[in-house]
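Enquirer: Protein sequences appear in the order of chains Y, D and R. Residues 1 to 201 in the working numbering are what the first sequence spells out, letter by letter. Residues 1 to 103 in the working numbering are what the second sequence spells out, letter by letter. Residues 1 to 391 in the working numbering are what the third sequence spells out, letter by letter.
For the record, the hints were derived by calculation from the structure and aren't laboratory data. Since the model is a prediction, treat every value here as computed from it, not as a measurement. Hints may contain errors.
Stated by the list, open to error - Some chain D residues well away from chain Y (every beta-carbon gap over 10 Å; in silico):
(1) E100
(2) L101
(3) K102
As the list claims (entries may be wrong) - Cross-link-like lysine to any residue pairs, in silico, SDA-like; alpha carbons within 20 Å at most:
(4) Y:K126 with R:K54
(5) Y:K126 with R:K332
(6) D:K99 with D:G42
(7) Y:K126 with Y:E141
(8) D:K90 with Y:E141
(9) R:K54 with R:K86
(10) Y:K126 with R:S189
(11) R:K86 with R:Q60
(12) D:K102 with D:I86
(13) Y:K82 with D:V31
(14) R:K332 with Y:V156
(15) Y:K82 with D:K102
(16) Y:K160 with R:M163
(17) D:K91 with Y:L13
Built from N, CA and C at the ideal position, the CB exists for glycine as well.
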Amino acid sequence: MSLILVITAVVTLLAAVAAMSLRNLVHSALTLAVSFSGVAAIYLQLNAEFAGFTEILVYVGAIAILIVMAILLTRSGETPEKSVLTSGWLAGIAVTALVFTILGWAVLSSSALPAAPAVPPHVTVKDIGMQLMTQYVLPLEIIGLVLTVAMIGAVVIACKEEAPARILPVVAKTTEPQPAPGNPAAPIPAAAGAFKKAGAA
Amino acid sequence: MNPLQFCLLVSALLFSIGFAGAVTRRHAILVLVGIELMLNAGNLNLIAFWRFGPHPEALTGFIFVLFSMALAAAEAAVGLALVIAIYRHKKTSNLDEVKELKG
Amino acid sequence: MFGQLDQIFVTLLHWLVGFLPVAWRSLASSLLCIGFVISVFPGLFALVTVIERKGLGRIQNRYGPNRVGPFGFLQFAADGIKSLIKEDIVPRAADHVVHFLAPVVLLIPVLLAYAVLPFGQNMTIADYDAGLLFFFAVGGAVELSIFMAGWSSRNKYSLLGAMRAIAQMLSYEIPLILSAVSVVMIVGSLNLSDIVSHQNHYTFGIAHWYVFTPWGLAGFLIFFIASLAESNRCPFDLPEAESEIIAGYFTEYSGFKFALFFLGEYLGMFAICGLGITLFLGGWTSPVSWLSWIPSYVWFLTKLLAIVFVFIWIRGTLPRLRMDQLMNLAWKFLLPLALVNIVVAGLWHFLGAGALRWLVCAVILAAAYVALGRALMQHQKLGKRIYRFAY
Chain Y
1 MSLILVITAV VTLLAAVAAM SLRNLVHSAL TLAVSFSGVA AIYLQLNAEF
51 AGFTEILVYV GAIAILIVMA ILLTRSGETP EKSVLTSGWL AGIAVTALVF
101 TILGWAVLSS SALPAAPAVP PHVTVKDIGM QLMTQYVLPL EIIGLVLTVA
151 MIGAVVIACK EEAPARILPV VAKTTEPQPA PGNPAAPIPA AAGAFKKAGA
201 A
Chain D
1 MNPLQFCLLV SALLFSIGFA GAVTRRHAIL VLVGIELMLN AGNLNLIAFW
51 RFGPHPEALT GFIFVLFSMA LAAAEAAVGL ALVIAIYRHK KTSNLDEVKE
101 LKG
Chain R
1 MFGQLDQIFV TLLHWLVGFL PVAWRSLASS LLCIGFVISV FPGLFALVTV
51 IERKGLGRIQ NRYGPNRVGP FGFLQFAADG IKSLIKEDIV PRAADHVVHF
101 LAPVVLLIPV LLAYAVLPFG QNMTIADYDA GLLFFFAVGG AVELSIFMAG
151 WSSRNKYSLL GAMRAIAQML SYEIPLILSA VSVVMIVGSL NLSDIVSHQN
201 HYTFGIAHWY VFTPWGLAGF LIFFIASLAE SNRCPFDLPE AESEIIAGYF
251 TEYSGFKFAL FFLGEYLGMF AICGLGITLF LGGWTSPVSW LSWIPSYVWF
301 LTKLLAIVFV FIWIRGTLPR LRMDQLMNLA WKFLLPLALV NIVVAGLWHF
351 LGAGALRWLV CAVILAAAYV ALGRALMQHQ KLGKRIYRFA Y
């Protein structure tokens, strides 16, 4: 249990506490990104490199940005003056303490937990690919389907409702004033012709 | 305390922190943040068991985590879209004020 | 003799590290590699800023900076001193902590990305099995810093610039990654050194660079355009366009923080060019077999400078794209083309060696390009140009 693992875990937990307790939502989202990076660093310590890189790619690079964009779209970027806690927050803290006590007791007193193997497993991307394509190909296809559905669903839910009715008149207006080539009856060259006549006279 | 117990305790603590945030904060987005922390804690648990468990070369825990991350991303996207839609409708993202089905 | 010259940095590293006891060696080796990256690439940044200003000047029919040093090549020193001694102005309403951290958070992922690039033979600092995934992961973390910069300034223009920049970078990440996926499919590995060594074969004296294949050429062009957008370079520099939103998300930054942003942007550009070189242009290999005596790092540097020169050339030549044109290009043109490229790379692999696969792949890609190009321009009639007010 190396020092780096302990330090990374402490940083992750502190960032998580900050994410959940800061008043300003954008600060909360940024400390959440730090917490995600901390978890990725823990994965790297546990020889799960691919999981660590995927965590940074998915969580820090996508989900944190998504949360930040949602904060801006719901105009919650300013620090609120009123209380940020819901009514009944005390019961929530009590239940949390109970949950953690039970989990901690279960972990520390369990005799079924195996000890660390001597050699850390060396996972190559090829192994992961083989497993994904042979044994886990059905979950892979279903995940593809779930992600597509989620993407379409999110766009449909968050889309503004009157958008389709407004696009067509705007498009029609931008394609109208192109005068047909060589058409002398178009209004604009006629106005320019009137200007020239006024200038020559 | 062996490394497995340490990782499991960290994961349990992360889960509790996420849970505490999800049930105590008023803003809808922070509830989603708490849910993401809980999912991360679960993933950490899986990776710890994969690493220190009996058959790490079977990659079961690892693949489970990859799918879990993909699902977390999908769920975050849909959840945040819902928050944005609720804000647009009720002009508030305060969970104490969106407790009626009417409107 | 040239083999030894090729490996000179590696032997130097091993010799220096050999002085220390065994327990300290890996740490010392990492520190020396970090020192190498931190000294070489900012030095290259300094050189490229001067070359860019002189190059843009020449394209615009004027001299660039020519006062400081021989032909103006010490201009970077003057700029550096100026940015260090300038007053650091932070708006009173700005969020000071986030405002301070934004340039730092930009630089950290960008410098991390250099860890997986193969600069020469056996010269990769961290040869991860999933090196390409690591590069894209840290590339995605840059967007968070742009948001921090834009939001913390409490300025409408900064926020607008930051949102545009994030939308642009997210949109162009997808064709970037998909064009790299076609290379990964053919090589069968995410390890960047493996990808380069697969391109290290010569047929009739010409190297097997992937850019010389139809899918590789299309992939390289998609990667090139997407990397222009990822580094916020012209023609995709709307987020930092001076004539539109002052300086976008950099508006409230002055002095050294602005210099750090500038450094971060250029370092990001070099990193992504380096990746493009590794994936498509053969990394550190030479294009013809009779020039392979030139050391590998010299080839890498030459290719990097050539691509940076093309970036500068494009900046001086093309006008800026509007936001909707930019997004249309990413989602409606580059993304479908990158997907077609993946299919074509698969066909290339399964059709076996011969002239047939060249023909089939080239025809499919050309057809996709023409069809997507026409679909993108469906609302515009590009007829004869008519000057409405110049009669």
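Enquirer: Each hint should be assessed against the structure and marked as holding or not.
Expert: Hint check:
For E100 (chain D), the condition that its CB be more than 10 Å from all CB atoms of chain Y holds, with the nearest at approximately 16 Å. With a minimum CB-CB distance of about 17 Å to chain Y, L101 (chain D) clears the 10 Å threshold, and the non-interface call stands. Here K102 (chain D) stays apart from chain Y, with its beta-carbon at least about 19 Å from theirs, past the 10 Å limit. Distance check on the hinted pair: K126 (chain Y) and K54 (chain R) sit about 47 Å apart at the alpha-carbon level, beyond 20 Å; violated.
Proposed proximity of K126 (chain Y) and K332 (chain R) is contradicted: the alpha carbons are some 32 Å apart, above 20 Å. In summary, the hint linking K99 (chain D) to G42 (chain D) is not supported, as the alpha carbons are separated by about 29 Å, beyond the 20 Å threshold. At roughly 19 Å between alpha-carbon atoms, K126 (chain Y) and E141 (chain Y) fall within 20 Å of each other, so this suggested pair holds. Proposed proximity of K90 (chain D) and E141 (chain Y) is contradicted: the alpha carbons are some 37 Å apart, above 20 Å.
A distance of roughly 24 Å separates the Cα atoms of K54 (chain R) and K86 (chain R); the hinted pair therefore is violated under the 20 Å criterion. With a C-alpha separation of about 7 Å, the suggested pair K126 (chain Y) and S189 (chain R) falls inside the 20 Å cut-off, and the hint holds. Restraint check for K86 (chain R) and Q60 (chain R): not satisfied, since their Cα atoms lie roughly 29 Å apart, outside the 20 Å limit. About 13 Å separates the Cα atoms of K102 (chain D) and I86 (chain D), which keeps this hinted pair within 20 Å; it holds.
A distance of roughly 18 Å separates the Cα atoms of K82 (chain Y) and V31 (chain D); the hinted pair therefore holds under the 20 Å criterion. Restraint check for K332 (chain R) and V156 (chain Y): the C-alpha separation of about 19 Å stays at or below 20 Å, so the hint holds. Between the alpha carbons of K82 (chain Y) and K102 (chain D) the distance comes to roughly 26 Å, so the proposed pair goes past 20 Å and is violated. Between K160 (chain Y) and M163 (chain R) the alpha-carbon distance is near 19 Å, which keeps this suggested pair within the 20 Å criterion.
Using a Cα cut-off of 20 Å, the hinted pair K91 (chain D) and L13 (chain Y) is violated, with the two alpha carbons roughly 33 Å apart.
The earlier numbered hints that this structure contradicts are 4, 5, 6, 8, 9, 11, 15, 17.
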